[in-house]
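Just so you know, the sequences run in chain order A and B. In terms of my numbering, the first sequence has 348 at position 348, counting the first letter as 1, and numbering is strictly consecutive. In terms of my numbering, the second sequence has 138 at position 138, counting the first letter as 1, and numbering is strictly consecutive.
Hints in this document: simulated from the structure, not taken from any laboratory.
With a straight-line cut-off of 30 Å between C-alpha atoms, the simulated DSSO-like cross-links for lysine-lysine are: (1) A:366 to B:127; (2) A:416 to B:113; (3) B:116 to A:416; (4) A:116 to A:41; (5) A:378 to B:116; (6) B:215 to B:190; (7) B:113 to B:136; (8) B:16 to A:366; (9) B:28 to B:122; (10) B:67 to A:416; (11) B:165 to A:378; (12) B:106 to A:274; (13) A:416 to B:165; (14) B:122 to A:378; (15) B:67 to B:215; (16) A:378 to B:127; (17) B:245 to B:215.
Values in this document were obtained by computation on a predicted structure and should not be read as measured data.
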Amino acid sequence: MKTALAPSSGTSKSFLGANEFFSSFSDKKSWEPEWLSSHRKTNWNLYQSLSGTKSKDDRWRFSPRSRFSYSKVSRLSSSSSHLSFKAVDESGVLVSSIEEVTRDQPDYLMNFQELKGPELGAQESFLLACAFAENGFHIRVGRNVRHTEPIVIDHTSPRSDEVAFHRNLIVMEPNSELILIERISSGNHDESGFLTNLTNVKVGNGAKLHRILIQNLDLNSTFHNLENFEIQRNSCLRNVSIQLGSAQARIETKGNLLETGANFENYALTLGKKDQLIDTRTMQHHLASNGRSDLVCKNALLDDSKIVFSGLIKVDERASFSDALQTNRNLLMSSDCEADSLPGLEILANEVKCSHGATSSRVDDKELFYFLSRGIHKSESEKLIALGFLDEIIQKINLADQIEIVRGLISGSFPKN
Amino acid sequence: MNSLHIDNLSASVEGKPILNNLSLDLPKGEVHAIMGPNGSGKSTLSKVLSGHPSYEVTSGSAMLDDKEIIGLDPDVISRLGLFLAFQYPVEIPGVSIANFIRAALKSRLTDEKSFKAVDFYKDLYGKMDELGINRKFTSRSLNDGFSGGEKKRCEILQMMMLNPKYCILDETDSGLDIDALRVVSAGVNKMRGSSRGILVITHYQRLLEYIVPNKVHVMWDGRIVRSGDKTLALELEEKGYDWIKDEIAA
Ligand SMILES: Nc1ncnc2c1ncn2[C@@H]1O[C@H](COP(=O)(O)OP(=O)(O)OP(=O)(O)O)[C@@H](O)[C@H]1O
Ligand SMILES: [Mg+2]
Numbered sequence: 001m002k003t004a005l006a007p008s009s010g011t012s013k014s015f016l017g018a019n020e021f022f023s024s025f026s027d028k029k030s031w032e033p034e035w036l037s038s039h040r041k042t043n044w045n046l047y048q049s050l051s052g053t054k055s056k057d058d059r060w061r062f063s064p065r066s067r068f069s070y071s072k073v074s075r076l077s078s079s080s081s082h083l084s085f086k087a088v089d090e091s092g093v094l095v096s097s098i099e100e101v102t103r104d105q106p107d108y109l110m111n112f113q114e115l116k117g118p119e120l121g122a123q124e125s126f127l128l129a130c131a132f133a134e135n136g137f138h139i140r141v142g143r144n145v146r147h148t149e150p151i152v153i154d155h156t157s158p159r160s161d162e163v164a165f166h167r168n169l170i171v172m173e174p175n176s177e178l179i180l181i182e183r184i185s186s187g188n189h190d191e192s193g194f195l196t197n198l199t200n201v202k203v204g205n206g207a208k209l210h211r212i213l214i215q216n217l218d219l220n221s222t223f224h225n226l227e228n229f230e231i232q233r234n235s236c237l238r239n240v241s242i243q244l245g246s247a248q249a250r251i252e253t254k255g256n257l258l259e260t261g262a263n264f265e266n267y268a269l270t271l272g273k274k275d276q277l278i279d280t281r282t283m284q285h286h287l288a289s290n291g292r293s294d295l296v297c298k299n300a301l302l303d304d305s306k307i308v309f310s311g312l313i314k315v316d317e318r319a320s321f322s323d324a325l326q327t328n329r330n331l332l333m334s335s336d337c338e339a340d341s342l343p344g345l346e347i348l349a350n351e352v353k354c355s356h357g358a359t360s361s362r363v364d365d366k367e368l369f370y371f372l373s374r375g376i377h378k379s380e381s382e383k384l385i386a387l388g389f390l391d392e393i394i395q396k397i398n399l400a401d402q403i404e405i406v407r408g409l410i411s412g413s414f415p416k417n
Numbered sequence: 001m002n003s004l005h006i007d008n009l010s011a012s013v014e015g016k017p018i019l020n021n022l023s024l025d026l027p028k029g030e031v032h033a034i035m036g037p038n039g040s041g042k043s044t045l046s047k048v049l050s051g052h053p054s055y056e057v058t059s060g061s062a063m064l065d066d067k068e069i070i071g072l073d074p075d076v077i078s079r080l081g082l083f084l085a086f087q088y089p090v091e092i093p094g095v096s097i098a099n100f101i102r103a104a105l106k107s108r109l110t111d112e113k114s115f116k117a118v119d120f121y122k123d124l125y126g127k128m129d130e131l132g133i134n135r136k137f138t139s140r141s142l143n144d145g146f147s148g149g150e151k152k153r154c155e156i157l158q159m160m161m162l163n164p165k166y167c168i169l170d171e172t173d174s175g176l177d178i179d180a181l182r183v184v185s186a187g188v189n190k191m192r193g194s195s196r197g198i199l200v201i202t203h204y205q206r207l208l209e210y211i212v213p214n215k216v217h218v219m220w221d222g223r224i225v226r227s228g229d230k231t232l233a234l235e236l237e238e239k240g241y242d243w244i245k246d247e248i249a250a
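With these hints in hand, go ahead and build the complete structure from the sequences.
Dropping the structure here:
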């Protein structure tokens, strides 16, 4: 029987909450504009005032929350090498680091103060990212600019006892188009620590963003990924999320369909192995009429891995004629893996088309026998079955080279014959 | 010996006996046909020989060129050279025909690097053309949404690509249109030869006009009750199975 909860693993124990630590951090940031230091301070105060891990928080249901605790790391990474990309500033496209932007134009990012996180439970990570992010990228694509060549951003996790915070902002001006590939991987060190990534995206009227995130961290890392998307009139955001690595990952993704005709597509896959925990929380929030959202989350689970999927479709009263879909499918490939699914609907408008469904199933014996009967070894058969199961999501990447890379990474997770 | 030699084989599923002391010898170089009423155990025989885990072999043996295959895993049996064209091929979403056949071929190589993609596609396309399968099918998910006839053609395509020593065709003719029957039969006939034995399971004498068998066996209640030449098929077509039933009873 479980008795009283252990002392909170949250705020108080982490070095990040210590006064001396914050003041020495602030000292190093003295070059920053006034608004930014006060923004950091505000969020740090809020972090300090968090009451620690609540024993019962529905937004963490099924998730062994302590696995995500910042008390496991003891230092803020001082390296700036956790983010790399090719800087661009031409023909209406800007790709730059947050730091650079702030040095060049101190007030440019002032609206950071108003940006919200997805607010699906990981408040702690949000506040910490606001307080301590030193790295991050900013992309702005100008009005009517169609950038056809994909932009690639690499995030790498820090050493095992360290945490790095990235804070990113993508602004798509009206009628612009962009393909963005974000790769999240571990550096050269043997074991890596925490990477917390907070991303805000604004997709202006008629703009299109196709974002692909490929997370392949080593199996010691902890990944917090928070993303909040604002989708304007007749604009389209397709987010494809490939979660392969990390010991534990908490993914929070919220799409706000703010104006009429907004289109939000969120496609995610996980291949779970060893004792990985992938905890995914999403919200499709329809705030205006005639929006369309489609979410498909497919997970194949090996070994002792565990996935939590919690997805809410929320349709506000004024968001009539919304069309919202949500599908979660899990393929359980071992006897010890676990998948928990929490689909939810909150519909306040009329004339709405909504559907959601969640299923978990094991590898079909007939299917497996068909592979074996052709001489294909069992492990290879299972690999092909998993790739086949996940193919629906892989194809959403829609770039031949990236599709091959992802297929290769998934294949590599299966044991050789 | 150069044959698929089945000796007094008995098998059951969920405790229910289906095969009942069945014996049959299929030498290389020959084509044999098995006919028999629904439920007599024809598909069960093909699955037992392929190593299907749901069936329990209670006695007897099956030798593939002097190698006992009863008790081996299905993938091992396949690599030894037995191929089963399924009566009901399974739909495999997300796995293309090309990737599936490639995996099957690679599983037979000791050194995967010796696999030559260019030769593979040349071979594959050539055989698809022979079988009248549109090349667009290479990237389609295996059997997923295929028509009955398309699935059967695809089984024969796999058989031709894998080049097995022994083939069992379980009602490959059911679901084929008249032209497809001709095309598929031509494909099978091309595979006839001294290095291969072929067992065709069918309900229809018509197929045996295209693929003329060396022997015809009648299966009844889990065993072979009568064997003869191709005229036996004609006799069955004419008289039905009651005739055999009466003879067994007598
Ligand atoms: N997995 C199984 N579980 C239960 N019963 C089975 C199973 N497989 C076969 N049987 C039974 O065994 C018997 C023989 O079936 P089988 O499919 O081998 O017949 P068949 O000769 O191929 O028939 P058909 O001509 O209709 O294809 C049938 O009564 C069938 O219901
Ligand atoms: Mg049958």
